[in-house]
Amino acid sequence: MSADEDRVIGAITRVILDYLTMHPDAADSAEGIQRWWVLPQLGEEPLALVEVALRRLARAGKARRVVLEDGRVVYGAVRGRE
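The sequence shown runs contiguously to residue 82 in the working numbering.
Don't read these hints as lab results, they were simulated from the structure. Hints are not guaranteed to be accurate.
[Said to hold, decoys possible] Subject to a maximum C-alpha distance of 25 Å in a straight line, what follows is the list of computed SDA-like cross-link-like pairs (lysine to any residue):
hint : residue 1 : residue 2
1    : Lys62     : Leu17
2    : Lys62     : Val8
3    : Lys62     : Leu49
4    : Lys62     : Ala27
5    : Lys62     : Leu42
6    : Lys62     : Met1
7    : Lys62     : Leu39
8    : Lys62     : Asp18
9    : Lys62     : Glu5
[Claimed, not checked] Restraint ranges, calculated between C-beta atoms of paired labels, are given here:
hint : residue 1 : residue 2 : range
10   : Trp36     : Gly71     : 20 to 26 Å
11   : Leu42     : Lys62     : 17 to 23 Å
12   : Glu69     : Ala11     : 32 to 38 Å
13   : Ala3      : Pro24     : 31 to 37 Å
14   : Met22     : Arg55     : 30 to 36 Å
Heads up, the beta-carbon is just placed ideally off N, CA and C, and yes, glycines get one too.
Construct the entire structure; sequences and hints are all you get.
Okay, structure coming up:
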């Protein structure tokens, strides 16, 4: 991955974390996050880079990844112990 791609992924990651902080009940697919969360802040960024950012956030425990019954994947805020 290039240094420019790493920079963009870092920016996408910050936008996603900020969005989840402001909207803790939000959850969406990678495509929805690209369109509704990232686009207004950064402009159009490649879906592949949004997906990398989401995978990194999920692996780090900073976002949750949920596979729905129909196979779609959505990402949202990590919930506290309920």
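Results of checking the hints against the structure:
1. Lys62 / Leu17: 8 Å, holds
2. Lys62 / Val8: Distance ~18 Å between Lys62 and Val8 Cα, so the pair holds.
3. Lys62 / Leu49: Holds: Lys62 and Leu49 sit about 17 Å apart, inside 25 Å.
4. Lys62 / Ala27: 13 Å, holds
5. Lys62 / Leu42: 21 Å, holds
6. Lys62 / Met1: 22 Å, holds
7. Lys62 / Leu39: 21 Å, holds
8. Lys62 / Asp18: Satisfied, since the Cα-Cα distance of roughly 11 Å is no more than 25 Å.
9. Lys62 / Glu5: Judged against 25 Å, a Cα distance of about 20 Å means the pair holds.
10. Trp36 / Gly71: 20 to 26 Å: The hint (20 to 26 Å, Cβ to Cβ) holds, given that Trp36 and Gly71 are roughly 21 Å apart.
11. Leu42 / Lys62: 17 to 23 Å: This hint holds: roughly 18 Å between Cβ atoms.
12. Glu69 / Ala11: 32 to 38 Å: Given a distance of about 33 Å, which is inside 32 to 38 Å, the answer is holds.
13. Ala3 / Pro24: 31 to 37 Å: Hint holds: Cβ distance 32 Å, inside 31 to 37 Å.
14. Met22 / Arg55: 30 to 36 Å: At 22 Å between Cβs, range violated.
Figure legend: structure checked against the earlier numbered hints; the only hint not met is number 14.
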